[in-house]
Amino acid sequence: GQQVMQIPQYQHVQEGEDFTTYCNSSTTLSNIQWYKQRPGGHPVFLIQLVKSGEVKKQKRLTFQFGEAKKNSSLHITATQTTDVGTYFCAGRSSGTYKYIFGTGTRLKVLA
Amino acid sequence: SAVISQKPSRDICQRGTSLTIQCQVDSQVTMMFWYRQQPGQSLTLIATANQGSEATYESGFVIDKFPISRPNLTFSTLTVSNMSPEDSSIYLCSVENWDRAYNEQFFGPGTRLTVL
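First to last, the protein sequences are chains G and C.
Each residue of the first sequence is one higher than the last, beginning at 1 in our numbering.
Each residue of the second sequence is one higher than the last, beginning at 112 in our numbering.
Okay, chain G solo, but in the shape it has when bound (with noise of 0.2 Å):
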């Protein structure tokens, strides 16, 4: 079946580096989804990318989507303490309604 992984399962910073997390499917995909899941919550949404190559901002955050659709990355610039949390992607292929979730991102930002 579809699999979806995230790298790095864990990133340490220090407030005002950057963080990167990549995102790899195993099946192309029609669109994928970012959410945020700060401690203790539930998933947030980000934002969805649907076309290929498709490049989005968010402040300081950025969001790719692969040339071939098989894969995503989330950048943010300049941490900050409240970037703290799991990021994950979610994808979803053609002729689906469901979504899969990768294996996420646990961001920590030491101040």
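Source of the hints: derived by calculation from the structure; they are not laboratory data.
Incorrect hints may appear among the rest.
[To be verified] Here are the simulated distance ranges between beta carbons: (1) G/GLN14 with C/GLN162: 44 to 54 Å; (2) G/TYR97 with C/PRO119: 22 to 32 Å; (3) G/LYS57 with C/ASP175: 39 to 49 Å; (4) G/GLN9 with C/LYS176: 21 to 31 Å; (5) G/LYS59 with C/ASP175: 45 to 55 Å; (6) C/ASP122 with G/GLY41: 17 to 27 Å; (7) G/GLN2 with C/GLU197: 22 to 32 Å; (8) G/HIS12 with C/PRO220: 23 to 33 Å; (9) C/SER129 with G/LYS57: 44 to 54 Å; (10) C/SER129 with G/LYS59: 42 to 52 Å.
[As the list claims (entries may be wrong)] In silico lysine-lysine, DSS-like type, Cα no more than 30 Å apart, as pairs: (11) G/LYS56 with G/LYS36; (12) G/LYS36 with C/LYS118; (13) C/LYS118 with G/LYS98; (14) G/LYS98 with C/LYS176.
Keep in mind the model is a prediction, meaning the values are calculated, not measured.
A virtual CB, placed ideally from N, CA and C, is assigned to each residue, including glycine.
Once you have looked at the hints, place chain C on chain G.
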């Protein structure tokens, strides 16, 4: 956006018993999803619940163990039956919002289940 509530928020149960988790949405939605998230892990889809039809279960999850009801467009329940410690997890319901150009999922706050 959709506001989702879940009951109970947490519970501690004895093995062999069953627990029913309720999910209430503040608007009518077609599809509701039930996920399981074990501590420190990702989300695993258990089943999709459509109103008026039987739920669709993912590989590894069966109706006898996780019966789901969907009596109307704003409510669903998930029962965890004949529980064992391996069922200890967070159970989340979610819905998709199709009002915008994209179909983001909104999640409930989750039910933290501990089975002794």
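Among the hints numbered above, which are violated by the structure, and what are their numbers in rising order? Violated hints: none at all, because every hint is consistent with the structure.
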